[in-house]
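> In case you want the letters, here they are:
Protein chains: 4
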Amino acid sequence: MSDPQTIAKNDPFLDLDNPQHPANVICELCRLFYDNNWVTGTGGGVSIRDLDGDNKNLVYIAPSGIQKERLEPWEMFVAELPDETVLRTPNEGGYNKNYKYKASACQPLFMSCYKLRDAGACIHTHSQNAVMCTLLWEDKVEFKINHIEQIKALPRLQVNAATGKVEKVGSLENFDTLVIPIIENVPHEEDLVDDLEAAINNYPGATAVLVRRHGIYVWGENIWKAKVYNEALDYLLELAIKMKQNGIPTIKN
Amino acid sequence: MSDPQTIAKNDPFLDLDNPQHPANVICELCRLFYDNNWVTGTGGGVSIRDLDGDNKNLVYIAPSGIQKERLEPWEMFVAELPDETVLRTPNEGGYNKNYKYKASACQPLFMSCYKLRDAGACIHTHSQNAVMCTLLWEDKVEFKINHIEQIKALPRLQVNAATGKVEKVGSLENFDTLVIPIIENVPHEEDLVDDLEAAINNYPGATAVLVRRHGIYVWGENIWKAKVYNEALDYLLELAIKMKQNGIPTIKN
Amino acid sequence: MSDPQTIAKNDPFLDLDNPQHPANVICELCRLFYDNNWVTGTGGGVSIRDLDGDNKNLVYIAPSGIQKERLEPWEMFVAELPDETVLRTPNEGGYNKNYKYKASACQPLFMSCYKLRDAGACIHTHSQNAVMCTLLWEDKVEFKINHIEQIKALPRLQVNAATGKVEKVGSLENFDTLVIPIIENVPHEEDLVDDLEAAINNYPGATAVLVRRHGIYVWGENIWKAKVYNEALDYLLELAIKMKQNGIPTIKN
Amino acid sequence: MSDPQTIAKNDPFLDLDNPQHPANVICELCRLFYDNNWVTGTGGGVSIRDLDGDNKNLVYIAPSGIQKERLEPWEMFVAELPDETVLRTPNEGGYNKNYKYKASACQPLFMSCYKLRDAGACIHTHSQNAVMCTLLWEDKVEFKINHIEQIKALPRLQVNAATGKVEKVGSLENFDTLVIPIIENVPHEEDLVDDLEAAINNYPGATAVLVRRHGIYVWGENIWKAKVYNEALDYLLELAIKMKQNGIPTIKN
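Chains as they are written, first to last, in numbering that gives the first Met the number 0: chain Y, 0 to 252; chain S, 0 to 252; chain A, 0 to 252; chain D, 0 to 252.
In case anyone wonders, no lab produced these hints; they're calculated from the structure. It should be emphasised that the depicted structure is a prediction, and the values quoted were computed from it without experimental measurement. Just so it is clear, CB atoms sit at the ideal spot from N, CA and C, and this is done for glycine as well. Be careful, since some hints might not be right.
[Unchecked claim] Covered stretches of chain D, going by a simulated chain A footprint (3 or more residues, C-beta under 8 angstroms): (1) 37 to 46; (2) 206 to 216; (3) 222 to 234.
Chain Y on its own, in the form it takes in the complex (with noise of 0.2 angstroms):
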C-alpha cells in the first residue's frame, strides 16, 4: 500500500511541489487562522478556485469536521463551476479507506459567492470577534464602522451599469462608512444560502457578510486578496468591540 504522499504524485488534481497551487494554500492558510482561534474545533473553512490553472471553474474546497491545522492537500473536495459538478473527492484514488470524508457544510455557501461574485476565493471563520459584534449590535442587520485607517485596505465595488456585475474600482477610504450585512442564523448550515445571496445582492459593496451568533463569511478576487480582507475585517470587528466597550460609537459624524 502507497502513502498519501506518493499516491498523490499522480494525481492530476494535486501539485505538492507549488506552494501556490489550491489544495496546498487551503492546508497554510487554515494553519494559519488555528493560530488565530478562527477555525479550532473543525470550525470554518478556506475554499479556493484555481485562477492560475487550466480550468479556472474548478474550485477546491476543504472537507467537514477535519482539523484544520492538520490538513493534507490531498483530502480536498474539488467541485466544477457553474454546476458544481464534483470532480474529486478524497475517499477516491486510495488515500484513506478506513474514514469517509463528506463535503463541508459551507460548500453552497462559497459556491453562491463565486456564483454571484465571480470571486476567486472564500474564507469561513468563527472569528469570536466577529461573533461578539453580532451579538452586541443584536438589534442590527448591518456592522458599520468609519474613519479608521484599516478600513482602506478594504476594496471600493461597484456595479458595472453595462454589464450588471460588481467589480472593484479601487479602495475604500478612511473616512468612508463600510457597511457589512448581518444575516441570521438557522440550524443547518446550507439553509444559510438565501439569505446569504440575498445579503449578497442587497449589499454589492460588500465582500463579506456575517452571520449572527456563528461567523463570517469574506470573499475576494483571489485568495490572498480574500485573506487580507478577512485580516483587515477583522482587525476592525475587533477594535469595534473595544471602541464599544468604552462607550466610544464605531460612526463619527
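Got chain Y sorted already, so can you dock chains S, A and D onto it with the hints?
Leaving out everything else, chains S, A and D in the frame of chain Y:
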C-alpha cells in the same frame, strides 16, 4: 551509559518513529496546550488509550509535576485497564537515575472517564476560561449556553437502553443547550473522584466536567475527538465570559 | 527565466547572505510585527537606512499594499537622501513582470523622520493599542504617562544648542513623563507630512508620533533602537488602556 | 578575525553544545519570555547559578539594555558568589569590539536572592499582569489569593529553626493563601536592594517579590523551578486581575 533516545528504541511501550503513538501524541499536544496557557506551571495533563495497538486497555499518562511542554515520550506512565495495573514507569529501564517520577494526581480521574464512558482519551487543563466561568457562575452547578454555531462541534450523547452505555449518536445542533456540570474543588485531586464520577453519571449528555476554581476535564472516543471537544468548549467558555461581561445572556429563549 | 533568488545574487542593492542587511531585516521584522497584529491586512511598514553600507544615505522601504509577513528582500524600494531619488524599484531587474509595485504611501513620512531627526530607521504600525489610546484620549493632543518602569527604555532627547539638532543624551527615568504627540488622521497618508513634521519639530523630546484612528510612527538611531522604542511604547500604550479602563490615572503627581 | 561561535569554543565559561548550560538556558528562556511580552523593549532578565558545574558559586547574568530575544551565550556576565567578583564580561575575549556591554542593573537584586535564599536562579520580568496587580491593589503591600488550584505549583517554604535558613518543605495547597510582598519602585534599580532584601527577610514563605509599577522578581532552587514558579505566579496574577474586574474577591473565607 546510553541516552534516552537509544534506550527507547528497545522499549516495548514506545515507538518514537510513529507520530500517532500515544506517548508521542501526548508530548505534541502538551506543547500545543502550553502555548494556549492551559498547562503552564506544570498544571493539567493528557492521557491516551492505545486504541491502535494490540492491547486497547493500555493507558498512557504524563507524570506529575513535570513541565508539560518539555515532556519526552519515555517519561510516560502506562497502566492497564480495568485494574489500573501500572505496567511501566519512567523510573525503570535506565532512563534517568537522578529523578523519581510520580504518577499524576489526575490518574484516578482519567481512569473514571475510561471506565464510566469507555473514553479513548482524556484531557485536563487549567484553562483560565474554565476557571473564570466557574467563578462568574459561582452559584451554579452547571455551565449552559445555546444558539452559538460552535456548539455543533460537540457530540450528542445518549444512553443506549439495551446496554445502559452512553453512546455518541451525532452532533449537537447550534440551537441545542450545551450543559457542562460544575463540581467543587477539593484539597487533593484524587479526592475529586467521587464527585467526578457522580457528575459523569448524572450528566450522560456531557463530554466534560468543570472543576470550580481549578479547570476542566474533557474526554472523547479518541484523542483527536477529545482535542476537538476541548477546543470547542474552550471557545464557548471564552465567548460566554465576554457575553456575561457585556450583559448578554448565554441562554436565548 | 531566472527565479528571484538567482537574480538577487547580482543585485547591487541586496545581500541575501547578510542577515543584518536592511532588505533582509525589513522582511524579518515585518513577519514579527505581523504576529503582533501590528501590520495585518497590508497595514504599516518598516524603513531602514543603510548605516553599515558604503552609502549611508540609502533608505530601504517596503512597497505599498503587500502582505507584510510575506515580503521578500527583492521587493524593496531604495531611495537616496536628501533628494529622495529612487535608485531601485522591484519593478526593474526582471524579478516580476506580472505585478506593478507602488511606493509606500508612508514613504514621505519616513523621509521626514530621516531628514528632521537624522533617524536610522522608522517603523509604522496600525497597533490597536495606539489606535485605542487616541480614541480613549480623543480630546487630547498628547499621550502622557509616568512612573512606570518601562519608560526607561525610551531615549532622553535634547536639542543641542550649538547645532540645533536633536540628540540622544541618555534614557528617560521611570518617574519622567513620557509625552507622545497625537496628530489627526487625513484621507491621504502623504497629506500627513505637514502635521507630522510640525509634531516632530514641536516635540524635540519625542521619538514617536501617534496618528488618531490610524496608528503610530516610531523612529530611532538605528533599526534595533527603533524596534526597542516601538516595543516599549506599545507596552506602555497597552498598559495605559488597562489603567484607563480601571480608573487609574496614567499621570501620578 | 574569528566569529563569536568559533571563539566561544575555547571559552572556559561557555559550552555551546550543552543545552542545559546556564549561558544557553538564559538565551532560550529569554526568547520564550519575549513571546509572553515579559521582556520586550530590553526589559527584565534571567540569571542562573551553575549548579551542575564545578563551581556552584558562578552566576551567569544577561547584560543590560540588550534585546532579550536575541541574546547569544557569549554575551553573558559571570560573577562569583559571595563577593560578586566579576570573572567574565562579554567585553573581553575578542567577541565584539564595537559595543561596550554593561552589567545589568538587576545584578545586585539577583545577588540578594542568591545570598539570602540560596537560590539557584532568578527571573525578573516586566509582566503587565504583575504591574496591573500592583496598580489595582495600589494601597496594599501584599498580593494575596487563595482557593485556586494553580496555587499548588508554588513551594511551601519554612524557616529551619536549627540553621535559620528558609527551606522548601513541600508545595502549597490550593486552599492556602499565597502572599507576595509588594515593594515600591525607585528611580534606580540598584536602589531597590534594601527594600527587596527586607521583603525577602520579612516574608520567608515567599518565592517572589512584586515591584510596584515595575514588575516581579521570582527565584527558585534551580532555573526550571524558578521558571515554573514564575509561570504559576503570572497565571495567578492574570486571573486575579480578571477576578477583580468582575467583582470577585481573590480571598475566599
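> Hints first: check each against the structure and report whether it holds.
For each hint, the structure was consulted:
1. 37 to 46: This one holds; 4 residues, not fewer than the three required, reach chain A with a Cβ under 8 angstroms.
2. 206 to 216: holds (count 4)
3. 222 to 234: With 0 residues closer than 8 angstroms to chain A, the segment 222 to 234 of chain D misses the three-residue bar; violated.
Hint compliance for this structure: hint 3 alone is broken.
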